[in-house]
Amino acid sequence: MYFRIIRNDISKSKLITLTTMIFVAVAAMLVSLSAILVVNLSGSIDTLMKQAKTPHFMQMHSGDINTVRLSDFAEQYSNVDEFQVLEFLNVDGAQIVIDGNSLVDNVQDNGFSTQSGKFDYLLDLDGNVINVSDGEIYVPVGYMKDGTAQVGDKVVIDGKKFTVAGFLRDSQMNSLLASSKRFLVSENDYAAIKGFGNTEYLIEFRLKDLSEIGAFETAYTSAGLEANGPTITYPLFKMLNAISDGLMIAVILLISALVVAIAFMCIRFTLLAKIEEDYREIGVMKAIGLRVSDIKKIYLAKYAVIAAAGCTLGFALSFVFRGMLLENIRLYMGGSENSSFALIFGIIGILFVFLAIIAYVSKVLKRFRKISAAEAIRFGTSQEKSAGAKHFCLSGNRLLNTNIFLGIKDVLARKSLYATMLAVLVISTFIIIIPQNLYNTISSKSFITYMGIGSSDMRIDIQQTDNISKKAVEIVKTLERDNSISKYAVLTTKTFKAKKEHGLEEGIKIELGDHSIFPVEYSEGRAPVKEDEIALSAINADELGKKVGDVITLVIEGKEKNLTVSGTYSDITNGGKTAKAVFSDNSADIMWSVIYAELSDKSLVGGKTSEYSDRFNFAKISGIDEYITQTFGSTISSVGKASYAAIVVALIITLLVTLLFMKMLVAKDRYSIAVMKSLGFTNSDITLQYVSRSVFVLIVGIVLGTLLANTLGEVLASAVISSFGASSFKFVVNPLSAYLLCLLMMICSVLIATIIGTSSAGQIKTSENLKE
Amino acid sequence: MKKIIIGDNIVKSFGVDNEKHNVLDGVSVEINEGEFVSVMGPSGSGKSTLMYAMSGMDGIDGGKVSFDGRDLSALSEKELADIRRTKMSFVFQQPTLLKNLNILDNIILPSLRDNRKSAAKITEKARALMKKVGITELEKRDITQVSGGQLQRAGICRALISNPKIIFGDEPTGALNSKSAQEIMDIFSEINADGNAVMLVTHDAKVAARTERIMFMRDGKIVSELKLPKFDGMDMDGRVEKVTVEMRKMGI
Numbered sequence: 002m003y004f005r006i007i008r009n010d011i012s013k014s015k016l017i018t019l020t021t022m023i024f025v026a027v028a029a030m031l032v033s034l035s036a037i038l039v040v041n042l043s044g045s046i047d048t049l050m051k052q053a054k055t056p057h058f059m060q061m062h063s064g065d066i067n068t069v070r071l072s073d074f075a076e077q078y079s080n081v082d083e084f085q086v087l088e089f090l091n092v093d094g095a096q097i098v099i100d101g102n103s104l105v106d107n108v109q110d111n112g113f114s115t116q117s118g119k120f121d122y123l124l125d126l127d128g129n130v131i132n133v134s135d136g137e138i139y140v141p142v143g144y145m146k147d148g149t150a151q152v153g154d155k156v157v158i159d160g161k162k163f164t165v166a167g168f169l170r171d172s173q174m175n176s177l178l179a180s181s182k183r184f185l186v187s188e189n190d191y192a193a194i195k196g197f198g199n200t201e202y203l204i205e206f207r208l209k210d211l212s213e214i215g216a217f218e219t220a221y222t223s224a225g226l227e228a229n230g231p232t233i234t235y236p237l238f239k240m241l242n243a244i245s246d247g248l249m250i251a252v253i254l255l256i257s258a259l260v261v262a263i264a265f266m267c268i269r270f271t272l273l274a275k276i277e278e279d280y281r282e283i284g285v286m287k288a289i290g291l292r293v294s295d296i297k298k299i300y301l302a303k304y305a306v307i308a309a310a311g312c313t314l315g316f317a318l319s320f321v322f323r324g325m326l327l328e329n330i331r332l333y334m335g336g337s338e339n340s341s342f343a344l345i346f347g348i349i350g351i352l353f354v355f356l357a358i359i360a361y362v363s364k365v366l367k368r369f370r371k372i373s374a375a376e377a378i379r380f381g382t383s384q385e386k387s388a389g390a391k392h393f394c395l396s397g398n399r400l401l402n403t404n405i406f407l408g409i410k411d412v413l414a415r416k417s418l419y420a421t422m423l424a425v426l427v428i429s430t431f432i433i434i435i436p437q438n439l440y441n442t443i444s445s446k447s448f449i450t451y452m453g454i455g456s457s458d459m460r461i462d463i464q465q466t467d468n469i470s471k472k473a474v475e476i477v478k479t480l481e482r483d484n485s486i487s488k489y490a491v492l493t494t495k496t497f498k499a500k501k502e503h504g505l506e507e508g509i510k511i512e513l514g515d516h517s518i519f520p521v522e523y524s525e526g527r528a529p530v531k532e533d534e535i536a537l538s539a540i541n542a543d544e545l546g547k548k549v550g551d552v553i554t555l556v557i558e559g560k561e562k563n564l565t566v567s568g569t570y571s572d573i574t575n576g577g578k579t580a581k582a583v584f585s586d587n588s589a590d591i592m593w594s595v596i597y598a599e600l601s602d603k604s605l606v607g608g609k610t611s612e613y614s615d616r617f618n619f620a621k622i623s624g625i626d627e628y629i630t631q632t633f634g635s636t637i638s639s640v641g642k643a644s645y646a647a648i649v650v651a652l653i654i655t656l657l658v659t660l661l662f663m664k665m666l667v668a669k670d671r672y673s674i675a676v677m678k679s680l681g682f683t684n685s686d687i688t689l690q691y692v693s694r695s696v697f698v699l700i701v702g703i704v705l706g707t708l709l710a711n712t713l714g715e716v717l718a719s720a721v722i723s724s725f726g727a728s729s730f731k732f733v734v735n736p737l738s739a740y741l742l743c744l745l746m747m748i749c750s751v752l753i754a755t756i757i758g759t760s761s762a763g764q765i766k767t768s769e770n771l772k773e
Numbered sequence: 015m016k017k018i019i020i021g022d023n024i025v026k027s028f029g030v031d032n033e034k035h036n037v038l039d040g041v042s043v044e045i046n047e048g049e050f051v052s053v054m055g056p057s058g059s060g061k062s063t064l065m066y067a068m069s070g071m072d073g074i075d076g077g078k079v080s081f082d083g084r085d086l087s088a089l090s091e092k093e094l095a096d097i098r099r100t101k102m103s104f105v106f107q108q109p110t111l112l113k114n115l116n117i118l119d120n121i122i123l124p125s126l127r128d129n130r131k132s133a134a135k136i137t138e139k140a141r142a143l144m145k146k147v148g149i150t151e152l153e154k155r156d157i158t159q160v161s162g163g164q165l166q167r168a169g170i171c172r173a174l175i176s177n178p179k180i181i182f183g184d185e186p187t188g189a190l191n192s193k194s195a196q197e198i199m200d201i202f203s204e205i206n207a208d209g210n211a212v213m214l215v216t217h218d219a220k221v222a223a224r225t226e227r228i229m230f231m232r233d234g235k236i237v238s239e240l241k242l243p244k245f246d247g248m249d250m251d252g253r254v255e256k257v258t259v260e261m262r263k264m265g266i
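Protein chains in written order, with the numbering used here: chain A, 2 to 773; chain B, 15 to 266.
Check the hints yourself; a few may be wrong.
[Unchecked claim] Straight line, CA to CA, 30 Å or less: simulated DSS-like cross-link-like pairs of lysine-lysine: (1) A:766 <-> B:244; (2) A:146 <-> A:209; (3) B:154 <-> A:416; (4) B:193 <-> A:669; (5) B:78 <-> A:13; (6) B:17 <-> A:766.
Keep in mind that the hints were calculated from the coordinates and are not lab data.
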């Protein structure tokens, strides 16, 4: 019997059934996709890091190195499992020519390595340790993705020719957020080009117990070992690998949660309208003695069928799309060992959606208990009372067109009915605006100030060279004379010893200079301005256990110097552990200098960048836009894709839900429509009334959605962004696209949907609905 | 006397192709300006269908209906709506007032569509009509807060607001008790006395007896017509008797 009832019911309301099913399918698909992606991403990262045997602790170091002292330390420290020192030959991008094009515009520190002996292997795209022959070169996989190199391309370095034999995955430096990239060459070739660049050392350790990493770090620092360069630990490697795709998954999860919510609302009002339609039958069923649970079963069965069909379809669809979304993960990190788990998690996610729908329908159907059989049979409809807007009278209306007035009045009088549509529109606005704002924010120039980089036009890096201070002065002199430079700042990074509890000391890299010229965004406090102030990066503040206002003690040439923490900021550069201060110091060696400059005419950035590059070939000079593109490029593009997808999804949702809602409304209001027509209102009058209703609800929805997006949404997006290390931030809004364009697109969808949805109002025959 | 509606050989059928059933089987009717007519007949005889066909509310399958000299079947949906709004109006058995509006708003609604600027004047007129039918105190009430008789009076006020040439009533007293029904008929008589034509469809001999011409229908045809002098408040029983005799004669 159920089968027959369900079949009849579905064939009578094809559009509604289909729409509900589509929503369920999309919700199920997104939930299943995010489950699959999460499992795959974490699995792929784990697999990659396991296959490559990623170091647990890595200290980059340039300058002299005492390997004997380092191996002694490794032997003495019982937790060290393995230890090695790798060489990394840093070569200027301009000197690396791939297929005729140099990497001069590339902001990464490109360099060469040989395959490692013990761990930290460079892997090919099948996950195997690469065995490179003479004359061959393996290129970082990122350059395959962006089309810089292809297998078979010729690479020329220092006049020596190589052939690209393949691409490599580097568990340390895969991510664009890691600033260095390793090319792999054979031992012989490495020896041949060694004199061509600066050698940097990667001092690497693997520990027996990874959880002791903190203690090991402290021990390494207090031992006073080589530390002229960033220090990176296993968890940071993991995070760097996870960020880009992690962000995409976060966006998908956010959207899937919203779509599930919309699917619920969709079900709610189709169900309520159905109950309204069947009011008399329900009353009759109750009157002849059927139990509420029996009546519920009939309705529940239909939704169980829709939910099951939708979930199955969603699961199938997730298979179609997952390949596309997994592409990036697969390319950078390879397959996952637990892909079968992914399937199981996908199925669990889908089952969860199914059960949630059944539970929800069951909850909505509880209102059967409230239906009085006698009332239902007599009146055939629920005796809803018109509520609200009593003072909004037609007789007092001089301003609005009568049809518009009637539309608005109806919304105000039946608020609870329109609440569902309002909620859908609020959510749609939310879905459109949040990813857009997120995209605008991370692609805006100022976003890097959340990342520990000042917002300027041009960035000049002087590192891995001698006489850094002299070279900096040379550049400064040129900048001084250059009329097109409006301001600049020289920031010099040096390592100092900071005193920790129990008399331990830890190396801390401090960037000295005027931090007020190109300020970064401080999550707490402000930039250091006085000699005795210091600002710490979030990770450093966390590790040192310092808050704003605390005092930190440095040991400079044996003397203690107390500095007050003036602020904390987020940073992803140099392993996230940095500090900023203004005091002058002549004691410690300069590790590197960065000069930021701003141009009075922004259009000159490109020209200036190449001019300075030609002139100062010891420095790495990049336009900041380029720097952003290359550092966050893939992240920005995945968020960008997600934001466009979100707009499409939101518009489809708006269109379908409005259409559905209007069809319901017309069915519910048949009688009033017939009355209106008998009074001489034309079909276009009636359409105008419905358009006024939906536009009125839409405007309220957009206002609420925008407010919500800029408050709650910002908090949510902050949570996503904080995975970068940025702890607090404000949206950068592009009002033209975020508000005007979205508004227009939503109004168009709502109008189209309303006009199509209410077209059936024209067919309502007055005589049939009013005849006695 | 000028005719406002001329229905010529009207055919209206329901059902599918080969099982068509003519609800109106070649009916011809004329209604004069200011005339008070009624249509009687058993259920299913086609009397309501005739009213809807003559008012242009329903399309027809044969014949022709002219309203005020214009062929209704040649008019667009908009032109028909215009006529309904300005030249004719309806009173139904169930008071068809809109739930969201109060009594006053319901009454002024049809007239306000075109003349929003003169809303004050229209409201004034509505108040006068409400006073005439005795519901002045109800203007701000919700339609759920008044009785069926009061709703029907409001419905009549709404029908009169745009000064129509003719008012159609489909069993306007059908849902009322006899006292209310009598009061409503008094109002219809008054409206007619003011010069508006009225066409009522009814089962009730007492209602029909108020009118000056009664058409009797059976099986989609007008089978008989009874003319009475204009009702002057006298000899109601005699008029009802004449109607019932005619009904019996026709087997209704």
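Exercise. Does the alpha-carbon distance linking residue 78 of chain B and residue 13 of chain A stay inside the 30 Å limit?
Worked result: violated (37 Å)
Exercise. Does residue 154 of chain B pair with residue 416 of chain A here, judged by a C-alpha cut-off of 30 Å?
Worked result: Distance of about 21 Å is within 30 Å: holds.
Exercise. Given the hinted pair residue 146 of chain A and residue 209 of chain A, is their alpha-carbon gap at most 30 Å?
Worked result: The hint is violated at about 35 Å.
For this session: With a cut-off of 30 Å on the C-alpha distance, tell me whether residue 766 of chain A and residue 244 of chain B pass.
Result: Roughly 35 Å between the alpha carbons, so the hint for residue 766 of chain A and residue 244 of chain B is violated.
Exercise. Do the alpha carbons of residue 193 of chain B and residue 669 of chain A lie within 30 Å of each other, as the hint requires?
Worked result: Given that 30 Å is the threshold and the Cα spacing comes to 34 Å, the pair is violated.
Exercise. If you draw a straight line from the CA of residue 17 of chain B to the CA of residue 766 of chain A, is it 30 Å or shorter?
Worked result: Within the cut-off at roughly 27 Å; holds.
The structure fails hints 1, 2, 4, 5 (numbered hints given earlier, in ascending order).
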